[in-house]
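Order-wise, the sequence lines are chains A and B. When you number the first sequence by the UniProt record's numbering, it's gap-free, plus one each residue, and the end is 353. When you number the second sequence by the UniProt record's numbering, it's gap-free, plus one each residue, and the end is 78.
Calculated from the structure, these hints are not laboratory results. Cβ atoms here follow ideal geometry from the backbone N, Cα and C, with glycine treated the same way. Some hints could be false.
DMTMM-like, lysine to aspartate or glutamate: derived pairs with alpha carbons at most 25 Å apart [what the hints assert, rightly or not]: (1) B:Lys41 x A:Glu190; (2) B:Lys12 x A:Glu190; (3) B:Lys41 x B:Glu15.
If you only want the chain A side, here are some residues facing chain B, beta carbon under 8 Å, derived [as the list claims (entries may be wrong)]: (4) Ser88; (5) Pro89; (6) Pro116; (7) Cys118; (8) Ser121; (9) Val123; (10) Ile127; (11) His188; (12) Leu189; (13) Gly191; (14) Leu193; (15) Asp195; (16) Trp196.
Per the computed footprint, the stretches of chain B lying under chain A, defined by three or more beta-carbons under 8 Å from a beta-carbon of chain A, are [as the list claims (entries may be wrong)]: (17) 34–43; (18) 46–53.
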Amino acid sequence: MSTDFTHPSPPLRPDWLWHLGVAGFVALWWMLYHQLAPLAEWITGLLPVARHSHTGEAIAFFLYDVPKVMMLLTLIVFVMGVVRSFFSPEKTRALLSGKREGVGNIFSAGLGILTPFCSCSAVPLFIGFVSAGVPLGVTFSFLIAAPMVNEVALVLLFGLVGWQVAATYLAFGLGIAIVAGFVIGKLHLEGWLQDWVRDIHSGASAPTQIEGETMTMIERYRAGTQAVREIFGKVWVWILLGIAMGALIHGYVPEDFMVKIMGAEAWWSVPAAVLMGIPMYTNAAGVIPIVEALLGKGAALGTVLAFMMSVIALSLPEMIILKQVLTYRLIAVFIGIVGSGILAVGVLFNLIF
Amino acid sequence: MTSVKVYGPGCKRCETTVDMVRDAAAKLGLEVEVEKVTDPKSIAMAGVMSTPGIAVDGKLVHAGGLPDKAKLEGWLSA
Numbered sequence: 001m002s003t004d005f006t007h008p009s010p011p012l013r014p015d016w017l018w019h020l021g022v023a024g025f026v027a028l029w030w031m032l033y034h035q036l037a038p039l040a041e042w043i044t045g046l047l048p049v050a051r052h053s054h055t056g057e058a059i060a061f062f063l064y065d066v067p068k069v070m071m072l073l074t075l076i077v078f079v080m081g082v083v084r085s086f087f088s089p090e091k092t093r094a095l096l097s098g099k100r101e102g103v104g105n106i107f108s109a110g111l112g113i114l115t116p117f118c119s120c121s122a123v124p125l126f127i128g129f130v131s132a133g134v135p136l137g138v139t140f141s142f143l144i145a146a147p148m149v150n151e152v153a154l155v156l157l158f159g160l161v162g163w164q165v166a167a168t169y170l171a172f173g174l175g176i177a178i179v180a181g182f183v184i185g186k187l188h189l190e191g192w193l194q195d196w197v198r199d200i201h202s203g204a205s206a207p208t209q210i211e212g213e214t215m216t217m218i219e220r221y222r223a224g225t226q227a228v229r230e231i232f233g234k235v236w237v238w239i240l241l242g243i244a245m246g247a248l249i250h251g252y253v254p255e256d257f258m259v260k261i262m263g264a265e266a267w268w269s270v271p272a273a274v275l276m277g278i279p280m281y282t283n284a285a286g287v288i289p290i291v292e293a294l295l296g297k298g299a300a301l302g303t304v305l306a307f308m309m310s311v312i313a314l315s316l317p318e319m320i321i322l323k324q325v326l327t328y329r330l331i332a333v334f335i336g337i338v339g340s341g342i343l344a345v346g347v348l349f350n351l352i353f
Numbered sequence: 001m002t003s004v005k006v007y008g009p010g011c012k013r014c015e016t017t018v019d020m021v022r023d024a025a026a027k028l029g030l031e032v033e034v035e036k037v038t039d040p041k042s043i044a045m046a047g048v049m050s051t052p053g054i055a056v057d058g059k060l061v062h063a064g065g066l067p068d069k070a071k072l073e074g075w076l077s078a
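Next comes chain A alone, as it looks inside the complex:
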């Protein structure tokens, strides 16, 4: 994902080859994707295990889920890579500066999903936003939405648990980002930023602005393939491990066991899930396959969603990064507000479903 300011490089291949390649890839993808279930059954049938034994169930689960997730990820990450090439952080900042709170929070959460940035850019991005006059609460909406509603999480939920859960997750993830940012804005906590950030904030020395050049469609395709390579390099191990764990749970764990410890009846399960999620350092790729299997064994949806959101949005390493710009007090407020939001979502879900 890059924003370059000078010297556009000539494309390596002619344009039409790129368009043809993308179209051919999508067609091939479509055909293969619809053969995955029979393919997994066929391979499982070839193995010397009984299909409906514990081992057979676990193997079939693994053989179906791994290629399905990998294929969905490839397609979605590519599309997101292309879409994101339209939203550089610089453009996003320009869109958000001067936005009022309320509308600004909604806008900001949405842009959090679309704007490309890696987590090690969180600090410069934060400063870039605040110094350009983006209100603190609006900036927080962006920073919460960006990791929480990521495409890897959505793809895995969609592919493994179903579109209803994926859509609900998207809606509630955005909702928490909007409301939490709004509340933080209303509290007027600008004084709780680190001193040097406040100095920049007061306009003493705003960073220089740089103008981006427009990219060609080919460069956007390249941004897409680059995103696929990068995301895969990061998550493939997690996905394999997660699905293997999920397959074991699916094959071997008895039904009523999960209902007892993660079912809707246990009132303490949601807060416990949120607390457990904070120190956990993993990502959506490892957690969601396990979630799939847990749900299948009778774990409550609200509890599981709360756990996932907590793991993703309240990660300790993220807090340590943010410590450079926020004081402990402000970090505590941040954890408190986002945590309460997640808690509310979990409890609500368990009551409804």
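Add chain B to chain A, keeping to what the hints say.
Okay, now just chain B, sitting in the frame of chain A:
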């Protein structure tokens, strides 16, 4: 002597960018002084919002993600 600054908190991509700058300079036979800027304040003050960022002789040429090899050579030889 060209001076190049690579802005980034020190994640893997930033390290790779530094290596890419050195490689490109060696390939072009240029004498280049590469400085890593990891302090968040300096990164922000340089106007870099997404890292790694690259400045050649004080001018910001790139921000966000690994640079394109051909473009990098272009910036260095410009």
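For each hint, the structure was consulted:
Restraint check: the Cα-Cα separation between lysine 41 (chain B) and glutamate 190 (chain A) comes to about 17 Å, which is no more than 25 Å; the hinted pair holds. Our distance criterion of 25 Å between C-alpha atoms is broken by lysine 12 (chain B) and glutamate 190 (chain A), whose separation comes to about 32 Å. At most 25 Å may separate the alpha-carbon atoms for a hinted pair to count; lysine 41 (chain B) and glutamate 15 (chain B) meet this at roughly 19 Å. Restraint check, serine 88 (chain A) versus chain B: the minimum CB separation of about 7 Å is within 8 Å; hint holds.
A distance limit of 8 Å between C-beta atoms decides the matter here; for proline 89 (chain A) the minimum to chain B is near 4 Å, and the interface restraint holds. Annotation: interface hint on proline 116 (chain A) holds; nearest CB of chain B at approximately 7 Å, less than 8 Å. Hint status for cysteine 118 (chain A): holds, given a least beta-carbon distance of 7 Å to chain B, under 8 Å. The closest approach between the C-beta of serine 121 (chain A) and any C-beta of chain B is roughly 5 Å, which is under the 8 Å cut-off, so the hint is satisfied.
At about 4 Å, the closest approach between the beta carbon of valine 123 (chain A) and any beta carbon in chain B falls short of 8 Å, and the interface hint on this residue holds. With 8 Å as the threshold, the beta carbon of isoleucine 127 (chain A) comes within range of chain B, its nearest partner Cβ sitting at about 4 Å, so the hint holds. Proximity of histidine 188 (chain A) to chain B is violated relative to the hint, the smallest CB-CB distance being about 22 Å (cut-off 8 Å). Nearest Cβ of chain B to the Cβ of leucine 189 (chain A): about 20 Å, over the 8 Å cut. The hint is violated.
Because the beta carbon of glycine 191 (chain A) sits about 19 Å from the nearest beta carbon in chain B, more than 8 Å, this interface hint is broken. At its closest, the beta carbon of leucine 193 (chain A) sits 12 Å from a beta carbon of chain B; the interface hint therefore is violated under the 8 Å criterion. Checking aspartate 195 (chain A) against chain B by beta carbon gives a least distance of about 11 Å; that is not within 8 Å, so the hint is violated. Hint on tryptophan 196 (chain A) holds. Least Cβ distance to chain B is approximately 6 Å, under the 8 Å limit.
Restraint check on the segment 34–43 of chain B versus chain A: 3 residues with Cβ-Cβ distances below 8 Å, three needed, restraint holds. Under the rule that three or more residues need a Cβ within less than 8 Å of chain A, the assignment of the segment 46–53 of chain B holds, with 6 such residues.
Violated hints, in rising order: 2, 11, 12, 13, 14, 15; the structure is consistent with all others.
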